[in-house]
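Colleague: Take the sequences, apply the hints, and build the full model.
Under our numbering, think of the first position of the first sequence as 7, with each following residue one higher.
I should point out that these hints are in silico values taken from the structure, not numbers from a laboratory. Incorrect hints may have been included.
Just the calculated beta-carbon pair ranges, DEER-fashion [unchecked claim]:
no., residue 1, residue 2, range
1, N133, P101, 16 to 26 Å
2, G28, E73, 11 to 21 Å
3, E140, F17, 18 to 28 Å
4, N59, D108, 15 to 25 Å
5, K98, V71, 17 to 27 Å
With a Cα cut of at most 16 Å, we get these calculated EDC-like pairs of lysine to aspartate or glutamate [as the list claims (entries may be wrong)]:
no., residue 1, residue 2
6, K103, E60
7, K103, D113
8, K72, D89
Everything numeric in this text was worked out from a predicted model, so none of it was measured. All C-beta atoms, glycine included, are put in the ideal place defined by N, C-alpha and C.
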Amino acid sequence: MAYWLMKSEPFKYSWDRLVEDGRTHWDGVRNHQAANNLKAMKNGDLAFFYHSNEGVEIVGIAKIVKEYYPDPSDASGKFGMVDVAPVKKLAKPVPLKDIKADPRLEDIALVRQSRLSVQPVGEAHWNILLDMGETKL
DNA sequence: GCCAACGTTGGC
DNA sequence: GCCAACGTTGGC
Numbered sequence: 007m008a009y010w011l012m013k014s015e016p017f018k019y020s021w022d023r024l025v026e027d028g029r030t031h032w033d034g035v036r037n038h039q040a041a042n043n044l045k046a047m048k049n050g051d052l053a054f055f056y057h058s059n060e061g062v063e064i065v066g067i068a069k070i071v072k073e074y075y076p077d078p079s080d081a082s083g084k085f086g087m088v089d090v091a092p093v094k095k096l097a098k099p100v101p102l103k104d105i106k107a108d109p110r111l112e113d114i115a116l117v118r119q120s121r122l123s124v125q126p127v128g129e130a131h132w133n134i135l136l137d138m139g140e141t142k143l
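Modeller: What follows is the structure, encoded as structure tokens:
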């Protein structure tokens with residue numbers, strides 16, 4: 007079981023939309039590093055759902071329900087996508103500023119590689135973030 | 001709206 | 001293969 011973090015701008019695709027839809031295609035990734043992370047995802051892996059630009063916080067937990075396959079929106083055929091479904095909304099969203107303020111999280115990709123839209127989260131970091139979100143799985 | 005970070009493109 | 005120019009992401 008691996009853990010991830012996926013970013014979405016809420017006015018493009020929000021956590022509430024994901025809950026309404028039940029599941030969605032995580033398409034549109036055009037960055038190789040992010041795509042490599044998508045490729046490494048396995049069914050059942052969990053991912054934090056992060057709102058960028060607006061909110062700027064982790065709002066929920068999603069799970070991978072379909073592993074990497076071609077993204078039809080990519081004409082070049084180089085990039086793929088996964089399908090995700092909502093698992094649980096965080097009892098308390100975890101804002102980026104709190105993540106930055108916690109020395110235990112200073113090495114997290116969210117801080118160190120702020121532009122990467124799909125990133126791995128270590129188990130220790132995952133548990134800290136769950137704690138900060140006052141959420142139990 | 002600005003700007004830093006960073007990926008990509010293209011001239012040489 | 002280097003690097004300047006340019007585009008995009010995303011925090012503030």
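Colleague: Now, for every hint given, state plainly whether the structure supports it.
Modeller: Each hint, compared with the structure:
1. Checked against the given bound of 16 to 26 Å, the beta carbons of N133 and P101, roughly 18 Å apart, stay inside it.
2. The hint said 11 to 21 Å for the Cβ distance between G28 and E73, and at roughly 18 Å that hint holds.
3. Our hint of 18 to 28 Å for E140 and F17 holds, since their Cβ atoms are close to 26 Å apart.
4. Roughly 22 Å separates the CB atoms of N59 and D108, a value that falls within the hinted 15 to 25 Å.
5. One distance hint, 17 to 27 Å for the beta-carbon pair K98 and V71, holds here, with the actual separation near 26 Å.
6. Under the criterion of a C-alpha separation no larger than 16 Å, the hint pairing K103 with E60 is consistent with the structure, at around 13 Å.
7. About 14 Å separates the Cα atoms of K103 and D113, which keeps this hinted pair within 16 Å; it holds.
8. Proposed proximity of K72 and D89 is supported: the alpha carbons are some 5 Å apart, at most 16 Å.
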